[in-house]
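Protein chains: 2
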Amino acid sequence: MKNHVKRVYLFGNGFAEGDASMKELLGGKGANLAEMNRIGVPVPPGFTITTETCNDYFKMGRENLLANINDAVQTGIKHIEKITNTGFGNTLNPLLVSVRSGAPASMPGMMDTILNLGLNDEVVEGMASKTANPRAAWDSYRRFMQMYGEVVMGMKPASNQDINPFEVIIEQKKKDLHIELDTDFSIADLKELTIAFRKKIFKDSGQEFPQDPYKQLWNAIEAVFDSWMNERAIIYRNINHIPAHWGTAVNVQAMVFGNMGNTSATGVAFTRDPATGENLFNGEYLVNAQGEDVVAGTRTPQQITLSGSKHWAMLSGVSEEERSSNYPSMEESMPELYHELFEVQQKLEAHYKDMQDMEFTVQEGKLWLLQTRRGKRTGEAMVKIAMDMLQEGLINQQEAILRIDAKKLDELLHSVFDENAIKKAEVLGKGLPASPGAASGMIVFSAEEAEQMTDQGKEVILVRIETSPEDIKGMSVAEGILTTRGGMTSHAAVVARGMGKCCVSGAGNLRVDYKKQTLKAGDIILHRGDWISLNGSNGQVYKDKLKTTKPKLSGAFKKLMQMADKQATLQVRTNADTPHDAATAREFGAMGIGLCRTEHMFFEAGRIKLVREMILAEDEKGRRNALDQLLPIQRSDFEGIFKAMQGLPVTVRLLDPPLHEFLPKEIEQQRDIAKTLGVPVETIIQKVEDLSELNPMLGHRGCRLGNTYPEITEMQVRAIIEAAINLKEQGVDTLPEIMIPLTGTAAEYNMQADIVKETAQMLMKERNITLKFKTGTMIEIPRACIVAAEIAKTAEFFSFGTNDLTQMTFGYSRDDVAKFLPVYLDKHLLPADPFQTIDVDGVGQMLKMAVKNGRLSRPDIKLGICGEHGGDPKSIEFCHSIGLNYVSCSPYRVPGARLVAAQAAIRQG
Amino acid sequence: MKNHVKRVYLFGNGFAEGDASMKELLGGKGANLAEMNRIGVPVPPGFTITTETCNDYFKMGRENLLANINDAVQTGIKHIEKITNTGFGNTLNPLLVSVRSGAPASMPGMMDTILNLGLNDEVVEGMASKTANPRAAWDSYRRFMQMYGEVVMGMKPASNQDINPFEVIIEQKKKDLHIELDTDFSIADLKELTIAFRKKIFKDSGQEFPQDPYKQLWNAIEAVFDSWMNERAIIYRNINHIPAHWGTAVNVQAMVFGNMGNTSATGVAFTRDPATGENLFNGEYLVNAQGEDVVAGTRTPQQITLSGSKHWAMLSGVSEEERSSNYPSMEESMPELYHELFEVQQKLEAHYKDMQDMEFTVQEGKLWLLQTRRGKRTGEAMVKIAMDMLQEGLINQQEAILRIDAKKLDELLHSVFDENAIKKAEVLGKGLPASPGAASGMIVFSAEEAEQMTDQGKEVILVRIETSPEDIKGMSVAEGILTTRGGMTSHAAVVARGMGKCCVSGAGNLRVDYKKQTLKAGDIILHRGDWISLNGSNGQVYKDKLKTTKPKLSGAFKKLMQMADKQATLQVRTNADTPHDAATAREFGAMGIGLCRTEHMFFEAGRIKLVREMILAEDEKGRRNALDQLLPIQRSDFEGIFKAMQGLPVTVRLLDPPLHEFLPKEIEQQRDIAKTLGVPVETIIQKVEDLSELNPMLGHRGCRLGNTYPEITEMQVRAIIEAAINLKEQGVDTLPEIMIPLTGTAAEYNMQADIVKETAQMLMKERNITLKFKTGTMIEIPRACIVAAEIAKTAEFFSFGTNDLTQMTFGYSRDDVAKFLPVYLDKHLLPADPFQTIDVDGVGQMLKMAVKNGRLSRPDIKLGICGEHGGDPKSIEFCHSIGLNYVSCSPYRVPGARLVAAQAAIRQG
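Chains as they are written, first to last, in the numbering used here: chain P, 5 to 913; chain Z, 5 to 913.
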């Protein structure tokens, strides 16, 4: 035990030992209480016990630790006594304190708080006579006793459904007295309650309720420390990635009372509007009330400003007469205090340079600030506030950019559910937030049905166990997609994000029965045609149709994006397979296509037949025949995409998936295709069987296809180059980058690259035209990272396919990972889902190795990333740190990526 | 063109410009011809054109190159003329030469040879009168003309089935003359043949047969160079991994004739017996014959030594009288020449210090050696010769060890087919040589049937499309295993090698029809119960039952192994799952078990039910209940294995495969298990469905199982430790090494290692006994190599699972790789199957990284390899080079591995 460690930080009366920079040590609340003192904001005096003390408490055992801080805590109490001119336990002029937790990160409601501490049988009488308000005194006492019993004696019910022993006593008392409200209790009733509570405490815990205020204090401090390790706090930390070793601080502070009559009040206020971001001071208050009354909803809170009050009245249908008499604003009812509060909020915002969320209490005409913190806000407000503050000169461009949370930008691009609708909605289950947005529709269980129903003008949600490339069309017409299996990078998730379509994947508690055409959620059985709603931003699945609100892009947003692009060195491209997606992404500011997957084009009607013919052909001649027919179709696809991206680079990946993905799996479909192709169904069955793979992820795909069937590569290159030539003849500039997938050895890359270059040379010669184009490769096989120097001798660019690279570096199948990944995250065996956020220690090192090796043999090699990580903030920061040239992500993630690229440049330089 | 490069090396008459060390430049034949001259062995004079010249010939164009060597070749011819006192093209005293290819590596019969070059219409007459043997002269001329037409004019038929235009003429002539044998042709007939041949050559090629000997010579040299690039040579090089850039040398040498009457002869001889290795000079010869007559089989060759001749007579049932008159040995018929030959062979063996295979010709009483080379030999002879020569002081221990080809050791351990049986056998197809040995049996298509039939005393071959763990029992009772899908590391291959059982895998041209119970090979349809034979050493599948011969281990073999162990620093362990395998491996010299797979134990009757109960349990309690019943069974398994390996370390891998592997896939079996377990079949179907995975290789397996179901790990550790404690109480020493599979992060390793250590501590305390044991991990995930330093902080050993590491580093599923790997090997996109021989540039670098990182945090960490590569010579050499402590392989590969470990230590130091 180090005695020299400072464990208690005092504050009060304009003085503080701590300040706002000491959040780690004093917690957010404690640091801000200190800071407010320093800048002259009135705060009830008190002291903060450090988070370090909390950690030592768990490490070294409570006795040692508490003994060790004994002196400092006593000094703290004396400090408060002196400022408030009261005495802790003094019966004439008692000091009451609050004991509150306060962690470095906000954990609202997760830990425990005790108010009115210091009351005992004698002090309560002193308080009654001092305040001339014996009812308030006894009410405070019984409330304190209940809180103490719950928090310190462990008499809090485990959940809301369980019985609270104190509430039982209160209810019984009300029954006996035939009264309904707490306020109907007489002083005598309240006294009787305290006696009943003490008995109950002794009965349940075997310990007397302590009369010694110091004993109360020590037990409360212990209890707050203990609450750091309570179950809900642990769960909250797990969800929010807050490390357990941070610990919580304990704030002991003089009580102030907003319920001391009509010159007292309590309230919360914001320096700007947290919903819209408008620069309008606003908030709610209640006269003669305590903090909990404002949130409890038993009384209607009043607005702080007059304009806010009038606006509220209009929305609520309250007449001006009724408003001004029953619900006056603080500006009207307490004009001087209002002005003091107004100045305080101005001071706080100017000081913190960000929108503040404040709690205050007025005790008998004296204003006290109890808390100030960064105010939570909507995505819209986030952008507006940052840009306004920039204009106001409060912050500079870099600061404005750093203020933006990229994840919240989604709100600006996607529909969201109406908040009221959500409150009433019945939750069916929860999956992964695979693609953001909100969607409602009627359940369909197949892609065909999705098409049929939407043709009839209906809105549908496509519900599948998992999706496959055959479902693409159905997915594109559905409002949203729900799967019961698969992770954040399952087929459904990847395709939906590409489409900017709402998707919840891997909702494991739901069960799809294709035969019965039902979706089961516990006892609830839904049928085809029933309405459900999906929130792709948090994974919730609701019964019925919920009201949604549509997004709109503000001018502030556009300015912000322009500013960000100026800061960023990392460019942002998009993953897009269609002219429509390409155009969307370009509008969102994509500087090119980083990944155009040619296989998605293969699934459209009219093409899949040719693709299957190609696959089912007995020899090269048969394959070439089918490929010849596919050529003009692919060429026109590329013309469309190249046109949409005129002047910007377009990276086209050659055919990647295993061929069996294109063949039908159900016998009915196999019969159909046999008929169409004029072969016996047995041939189809045999071929499907021959092509099937135990681990398709590691099978006959990528450049392995092109190297076994070079004619496929030839056709695709021909389509790309001919498209570019045709456009060039029309005066449209193109920059094709032909990407060879799944390279593992330099030899296999070279064999493909030779086909690319020879075919292109031949066509350019034939058409007498010169085109600029690049040939390069995906780096997605661990081996490719190791031999990157060899590959870079001929490859002009690398694009990291971090989905597959993560799969192979970890040995995780993204389609099967749902079986253990949740457990791994839960048990902290992984810090995050590596398919969402790049695993810096493993996969990231592979990338670094490839970057280093690649630049060894080609210093100007172009380096990008086209895996799903390209849209993830932390991963983008990592890409910046290793010096990539660009990231590529789905169209709707482009704005966020641009922003993070700018933030990374600002933070990392 | 560099003129200063020496392109032609002369030899003859005891003088030579080259020597035996110049094989790369002069080819094997040329280097040895030079060397023989240097040591005084009589060799017809000649010269060698270098392999470099061959390469330049292809690089720079023939005209340039040939012009460039013109002078040197003329000098060479003059050199021969001088020694032989003849003239090239001289009609009175002509020089005839042979032009032969000779590559650095032996490529028997792949390239072209021309004999008797220098003959023309005039020279033939001169030769006739000089030799007084006009028939021989004209016969030589027509033979030369045919060879020249075939080799230089491209008139050689493409295959044996095609028509040879020269043979057509000969056959027609025989028909016209009503004769049957070539020897029946008169001199006039032979003259007429040469005229007919000349006409045919002109008709087919448009060019006259050249009369100028130099023109003949240049064309022949060109043709030999060209033959380096003929199709069969290319295929042979591909199969034998001979690089194309080696090129071939050309040897031009004075002709000598063994067919000049009864003082002439020709033959082949070995310095020792190539079949048994016995130190007995032996060989065959024919009087008045040319080299081709010895191999053609038209005359019965005679033995060279008297003892050999008598032995031959005994075996052939020839009386001594008949033998000595009709088939006398050379020792009897040409005693002086015999003694000269005997001395030459002694000289050659003493010089080369290895058994030699020699060709010789006697021309009119003068002995000429035409070739000497290292003699091919059986595995048995290889060992005996090396050990004998060591004892004779010809070579030292290191040299003796380096003489041994580890792959040939297999012959000593496994049955082989009788050579005569193979010649007559009908080949059904070819697969991969998955596990060596020879086996015959009746076809069965299921493991159950294999058990039933063997119970009836029948020998069976288990024929499956692929095998799964459920087939283990059936595999163990079958004589051999044949699969039509899967590679060298498929389930069938790995398990069969472990059992030392013959296996051919991935025989893609065969088709199994389980419904019809047939095996189709082209038009041949075999049924259940039909006999087939497998050669697991080369992948051949034969119809019917073939005769096999059984192996026996010689004393020489045992001595060799002891010697090897003294040289090796790398230890050899075995992969074994049963006491029987463990005992076998120990007999073969294994120094411990490097991999004991616990899951194989799970499949035995009586256990699989409990395993399924465990998997199908709804909760931890249910799982624990089943595990409690499995515990005593596993414990007794471990007791058996530990006992067999008493005193040696045993690495036990905790449960690795995905749980669905243990559940039945067929509905009938699912019904059975439902009945046994007393649950509805739907429950089983649902669970199988729930557990199924798209990429099981990358799924819920390895330590991911132990971390989601810690109770499984607990049970297995308990079984291991309790077994060790029980044995220790009986005085049996054990060294358990508990291995956690599929580690990818330090956190997941630590969670498992904690369970291991805590369980072990608890048991040791309970039983009041101290055990030595180690806890470590498989390194088989690429990520583990990267973070190896972190893992090694707690892991006491690493065992490289290079099968999985290869799968993930390359992104190749070993079960699906057959779809593209053959093409990749064919197109030289890969130098070798990376599942057989470790990929040094990729996977090897991963290993190096892990070794380096692991030793960083634990310098004395124990490092081994337990993948299939542990038995592959090249891979073992690599393991030695990176400083591993041991390799582990299947029992039958242990001797070979011990040998290679010694060789690596000798070569690399």
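Careful: at least some of the hints might be erroneous.
[What the hints assert, rightly or not] Across the chosen pairs, the derived CB separations fall in these ranges:
(1) 517(Z) <-> 547(P): 49 to 55 angstroms
(2) 670(Z) <-> 113(P): 53 to 59 angstroms
(3) 768(Z) <-> 249(P): 28 to 34 angstroms
(4) 673(P) <-> 226(Z): 55 to 61 angstroms
(5) 139(P) <-> 626(Z): 35 to 41 angstroms
(6) 863(Z) <-> 43(P): 38 to 44 angstroms
(7) 459(Z) <-> 531(P): 50 to 56 angstroms
(8) 670(Z) <-> 531(P): 29 to 35 angstroms
(9) 513(Z) <-> 512(P): 40 to 46 angstroms
(10) 512(Z) <-> 624(P): 14 to 20 angstroms
(11) 835(Z) <-> 249(P): 49 to 55 angstroms
[Claimed, not checked] Here are the simulated PhoX-like pairs of lysine-lysine, each with C-alpha atoms no more than 20 angstroms apart in a straight line:
(12) 852(Z) <-> 856(P)
(13) 691(Z) <-> 776(Z)
(14) 852(P) <-> 852(Z)
(15) 549(Z) <-> 691(P)
(16) 519(Z) <-> 691(P)
(17) 520(P) <-> 613(Z)
(18) 524(Z) <-> 691(P)
(19) 207(P) <-> 177(P)
(20) 878(Z) <-> 412(Z)
(21) 613(Z) <-> 549(Z)
(22) 380(P) <-> 412(P)
(23) 428(Z) <-> 547(Z)
(24) 570(P) <-> 554(P)
(25) 547(P) <-> 524(P)
(26) 520(Z) <-> 519(P)
(27) 380(Z) <-> 462(Z)
(28) 411(P) <-> 554(P)
(29) 669(P) <-> 669(Z)
(30) 177(P) <-> 195(P)
(31) 831(P) <-> 761(Z)
(32) 411(Z) <-> 380(Z)
(33) 179(P) <-> 204(P)
(34) 625(Z) <-> 691(Z)
(35) 852(P) <-> 856(Z)
(36) 554(Z) <-> 427(Z)
(37) 412(P) <-> 852(P)
(38) 477(P) <-> 613(P)
(39) 691(Z) <-> 524(P)
The hints are simulated quantities; they were obtained by calculation from the structure and are not laboratory data. Built from N, CA and C at the ideal position, the CB exists for glycine as well.
Pairwise hint evaluation, residue 380(Z) against residue 411(Z), where the allowed Cα distance is 20 angstroms at most: The hint holds at about 14 angstroms.
A range of 35 to 41 angstroms was offered for this pair. Does it hold for the Cβ distance of residue 139(P) and residue 626(Z)? violated, 59 angstroms
For a C-alpha distance cap of 20 angstroms, please report whether residue 524(Z) and residue 691(P) respect it. Given that 20 angstroms is the threshold and the Cα spacing comes to 17 angstroms, the pair holds.
For the pair supplied as a hint, residue 380(Z) and residue 462(Z), is the alpha-carbon distance within the 20 angstroms limit? Violated, because 38 angstroms separates the two Cα atoms, which is more than 20 angstroms.
Lying within 55 to 61 angstroms: is that true of the beta-carbon distance residue 673(P) to residue 226(Z)? For residue 673(P) and residue 226(Z) the Cβ distance comes to about 60 angstroms; the hint holds.
Hinted pair residue 831(P) and residue 761(Z), Cα distance within 20 angstroms: holds, 19 angstroms
Hint check: residue 207(P) vs residue 177(P), CA-CA at most 20 angstroms. Holds or violated? Answer holds: residue 207(P) to residue 177(P) is near 18 angstroms, not above 20 angstroms.
Straight-line Cα separation of residue 380(P) and residue 412(P) no greater than 20 angstroms? holds, 11 angstroms
Per the hint of 49 to 55 angstroms, is the separation of the Cβ atoms of residue 835(Z) and residue 249(P) within bounds? holds, 51 angstroms
Agreement of residue 613(Z) and residue 549(Z) with the hint, judged by alpha carbon distance not exceeding 20 angstroms: violated, 38 angstroms
Verify the proposed pairing of residue 519(Z) with residue 691(P), using a straight-line Cα cut of 20 angstroms. holds, 18 angstroms
Residue 411(P) and residue 554(P): Cα distance at most 20 angstroms? holds, 18 angstroms
The structure is inconsistent with the numbered hints 5, 6, 13, 15, 17, 21, 24, 26, 27 and 37, although it conforms to all the rest.
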